[in-house]
Amino acid sequence: MERNDVFKQVNEIFIDVLDNESIVLSDQTTAADIDEWDSLNHIHLVVTIEKKFKVHFSSKEIQSWDNVGEMVDSIYEKVK
Amino acid sequence: MKDFSQLKKNINKDFSGLKAINVAVLGDTSTQFLAQAIRGMGYEKGFNLHIWEADFNQIERQVFDATSELYKFKPEIVILFQSSHKLLGKYNKLHPDLYGSLASDEKKLLESIYLTISTNLSAKIIYYNYTEINDAVFGNFSNKTESSFIFQLRKLNYELMLFAQENHDFYLCDLSSIQNRVGKETFFQPSVYINSEMVLSIDVLPEISSKTIDIICALNGKIKKCIVLDLDNTTWGGIIGDDGLENIQLGSLGIGKAFSEFQYWIKKLKNRGIIIAVCSKNNEHVAKEPFEKHPDMVLQLNDIAVFIANWGNKVDNIIQIQSILNIGFDSMVFIDDNPFERNIVRENIPDICVPELPSDPADYLEYLYALNLFETTTFSNEDFERTKLYQNEAKRSIVQQEFSNEDDYLKSLDMKSTVEPFNKYNTPRVAQLSHRSNQYNLRTVRYSEAEIKMIAKSENHFTFAFALEDKFGDNGLICAIILQKESSTTLFIDTWFMSCRVLKRGMEHFVLNTITTFARENGYNFLKGEYIPTIKNDMVKNHYRDLGFDESGEFWLLSTFDYENRACFINKK
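In order, the protein sequence lines correspond to chains Z and Y.
What the first sequence shows, in the numbering used here, is residues 2 to 81, in sequence order.
What the second sequence shows, in the numbering used here, is residues 2 to 574, in sequence order.
Bear in mind the hints are in silico, worked out from the structure with no lab data behind them.
Check the hints yourself; a few may be wrong.
Among chain Y residues calculated to face chain Z with C-beta under 7 Å, some are [claimed, not checked]:
(1) Q33
(2) N196
(3) S197
(4) I203
Taking lysine-lysine pairs in the PhoX-like style, the calculated list, with each CA pair at most 20 Å apart, reads [said to hold, decoys possible]:
(5) Y/K574 to Y/K412
(6) Z/K52 to Y/K185
(7) Y/K3 to Z/K52
(8) Y/K472 to Y/K574
(9) Y/K3 to Z/K53
(10) Z/K53 to Y/K10
The beta-carbon is built from N, C-alpha and C at its ideal position, and this holds for glycine as well.
Only chain Y is shown next, with the shape it has when bound in the complex (with noise of 0.2 Å):
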């Protein structure tokens, strides 16, 4: 990671062709310096952030006047970075019997600059928690007393938390943990402190800094989707061909729990959502023996979406293994005990991220925590399936080569949609694709759960989920279309897109035809798309023409009442 000298000069550097947000940072401490640090680290992570800072110490000051500098500034993002320190001088001038409310009082007063920000900004909120200072007063005994300044510091983060849940453009980014991990010596310097107010030390702001643009690349859909792993010596010690079943290093035999710690990490990542694929230079039933048979495995093969197993280059297996998911290089992790593998996948993948693995597998977890890669800011239900739709996407894959007519394929599979507007079950996934569909998305217009809910109660808004199943399996819920009534003869198409898993079996004609069937049946002559190029929807931009509209100057037209159906083998449940 660049040090703070290196992302001050990040500054001077060509932001043109990053994605600009608005991002202001208001504190309670001097907060210059973590303002460039975050410019800086932008422009590392590809954004381009326009940053407005508050003066010293005028967090309510801009926040509760509707006319301030920060509600002209229009930020997309506010960081609010309330200090420990100050929170300890608070609590300090307190009369001791006011001491136990200071978590309650400083919620309160969070809560009613959430609410004033929320009502003059539809903008995200990046709050910092409070890291920890003991000031001793009470020794151990803190914890077993309510009125000291821990119990109530600790008490207000775990409030944090809860009102972090409660209230969906509230994200907190955790700062207590990385004093944790670096430790309060390297965190925190005295001697700055007292001469500049600063309370975060240079050494530290990169982290800091990261950690904070870590949420924002996840609010803009840059996250990590999928772990490529390698197996020997890094899902378990030893190399199975050689070392055999009884000696490969899991649970209690030699360094074992390294691993077996290490694969239940790869487990939770799974259960979360991510997919994991096998990479490993071995014959496959050899690879595959531990999965099927050792007793200390924590991952099995029903949790790989792809499992390649061979003597083949990795940089081609990789390559495969994208092209099976469909999912960006720039959305994948390779894990790989080997410097040598780790080079020549990173020389001939630029966009894959490619850990320094450490030498000691001792050291993986501590690494790779620390590394963060896994920001999210959504969950839903389906992240607990994806593997399984993964699977079954590799399954269609080979049954589709044994076809030598693409149609007749499509018809053996059987396809079947459900369309539903949106309604509370399917909101959380409709939110999360709007995040994460980068490809098959004509207006990348990102929406929180929030939002959904709000447009599925509008009356001037038409919603449309799209499920999809076929003999293999359900795929889920993998096309949403938002239309907004624009006029009384014309629906305008604010969202439309798909998920990747669902190409090229004629989706779109079955969306097409219910949405225009929609229109017609209820007086609209015209529906009305448009196209918003990025870096990634290229695949999209003749979709509207493809489909028979009409370009009429940016946007698109199609006329609803002499369109007819076009062909497609799914089937409306």
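One chain only, chain Z, in its complex shape (with noise of 0.2 Å):
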């Protein structure tokens, strides 16, 4: 897998999740970009990152990315 194509997935996780189709990410979007990315979604959002790629965050891991780029390389790291 591509890290576009992680990105894409991921891109559309967010949109299923906060149940908004406006949502475009960049490596730069960080939680205070999108209103409905709060610590409560944060989870759910990482959950289902977790199902759809099957993969899985360690705690420290879930608490540590600043914005949606880092998330990415972290997901990529583990699929490629």
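Hints in hand, dock the two standalone chains.
Next comes the structure, spelled out in structure tokens:
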């Protein structure tokens, strides 16, 4: 899987979980940029991503990403 | 079952037309997703659950302050979630000398929480029991060590059951059995817990919310009353018409164990009041043979209220079963191993519940257990007798066809009714009928046993419980009336409901004669009735008009002093 594919699927997951069709992510997007992306929905996103990509994030990893780019990097490391 | 994301999306759908109930959710961990799952699942089950959720870990703060938001919200249902994690946290902080008192201390705290809530609200409380955390501090020896955490947790769960038996408005939701079924790894995700204080995984929220709402459904009379059972490859292995009596699989033959155990389950349900009907594509005498002759049959013919075996299509047969039993299709469950039959029934009778039975009979029971179809909030002596009552009804239907004149038929039944005020013997059945009765119910007020006891003792109320028997058998208690003293001249009919088993017998005339005579003899000029429409009680919308009451605004009035008894063929016993 290419990083681009991972990115696209993550974007779809954000749209689905946060129930907002207009979400367009970039590597620099942070939680501050998206209304619905609060700490609880973050958990929902993480769990959905884990299921979709069949990966598991440790409790430290879940807290560690500062933006979408870092999230995608983390996923890509596990699936490439 | 929908997953959490789908339930969350339900929240934006149109809830109008669904029954609205105020529900408070309080927990000692993060409950936002649980609250969302409950609201979303409420939509699936036909409820508009207005949820007020307490802030994080505010149970005591909300409960013990009479001016709190909890009480201002006036919930009808209060859901309390005290987690095993927080329980373990309390245990961990105790001095070891006090470990052994964890269960009793928690129980005392719960008693005071319950008492305080019941003083300030007339709500039902749903409390989750404790899932097991085996901290392995003693290994298996925990079971022999009262001060171990697992000993105290299991003791507390047992104490909760005793508490629930003694307190009618306190209901346990069995969280522990859900964790048992799905496994701890599915139920609890440590990485999520460490990051968010959520102790319930997102994957398990749909099932938890479903089981929680099952209790709310039962409290509102949405229960399953009947199983329609297929026979071949459902109740026994093989096809009786082809394989013959010696070769169908039951007991120790082949995979017979799967079917015998399935039959034991059906038998238990029948004993607890679920009506069992058979709908099979077979010649009737062939279908009955195993019941009559096979030594390993657990179910007997007298367990079956209505037995239909023919070569007609199952949709027609199920419609006939429904009309004999006179219960809603939505209270029926159709169990059949054949996907073709299941689909046809689903398509033609959308309200009936048709479990998607797994293809391997070995899997039947675990699948059916997990569906939790038979939630209830009442259990009375009449539950044991229900099948016989419906069998008698089937006999009456046959006899009725022999009479060309309705009056002659009714006269031939030799009906007698006993009338008693509410007492300790009929209270459970009165309460149960108040929950089950949906069609012949004028105001659809549901009463618990405790509430019925209070009304029975009240000086402002007059109560009447009517039982009906005829030459075919005893129908038991089939009608309840609660009259409330509204003024020195008027008695308000707070409650009038009747079991649908006894429609078209003239019971309503007998009842009206009884209560009007009572009112007149006690100096009341008027009986005042009210019809509160629901989706299910359309049949009684003209009840008071047909009985000669006069419309008076939103109510109906009957003058007792110039009332003449209406004709009926029922005599007072």
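Here's how the hints hold up against the structure:
Below 7 Å, beta-carbon pairs count as interface contacts, and Y/Q33 has one with chain Z at about 5 Å; its hint therefore holds. Because the beta carbon of Y/N196 sits about 5 Å from the nearest beta carbon in chain Z, less than 7 Å, this interface hint is met. A least Cβ separation of about 5 Å between Y/S197 and chain Z falls short of the 7 Å threshold, and the interface hint therefore holds. With 7 Å as the threshold, the beta carbon of Y/I203 comes within range of chain Z, its nearest partner Cβ sitting at about 5 Å, so the hint holds.
Note on Y/K574 and Y/K412: the hinted pairing holds, with a Cα-Cα distance of about 15 Å set against a maximum of 20 Å. Taking the CA atoms of Z/K52 and Y/K185, the gap is about 17 Å. The hint holds against a cut of 20 Å. Between the alpha carbons of Y/K3 and Z/K52 the distance comes to roughly 16 Å, so the proposed pair stays at or under 20 Å and holds. Using a Cα cut-off of 20 Å, the hinted pair Y/K472 and Y/K574 holds, with the two alpha carbons roughly 13 Å apart.
Restraint check: the Cα-Cα separation between Y/K3 and Z/K53 comes to about 17 Å, which is no more than 20 Å; the hinted pair holds. At most 20 Å may separate the alpha-carbon atoms for a hinted pair to count; Z/K53 and Y/K10 meet this at roughly 19 Å.
Checked against the numbered hints listed earlier, the structure breaks none of them; every hint is satisfied.
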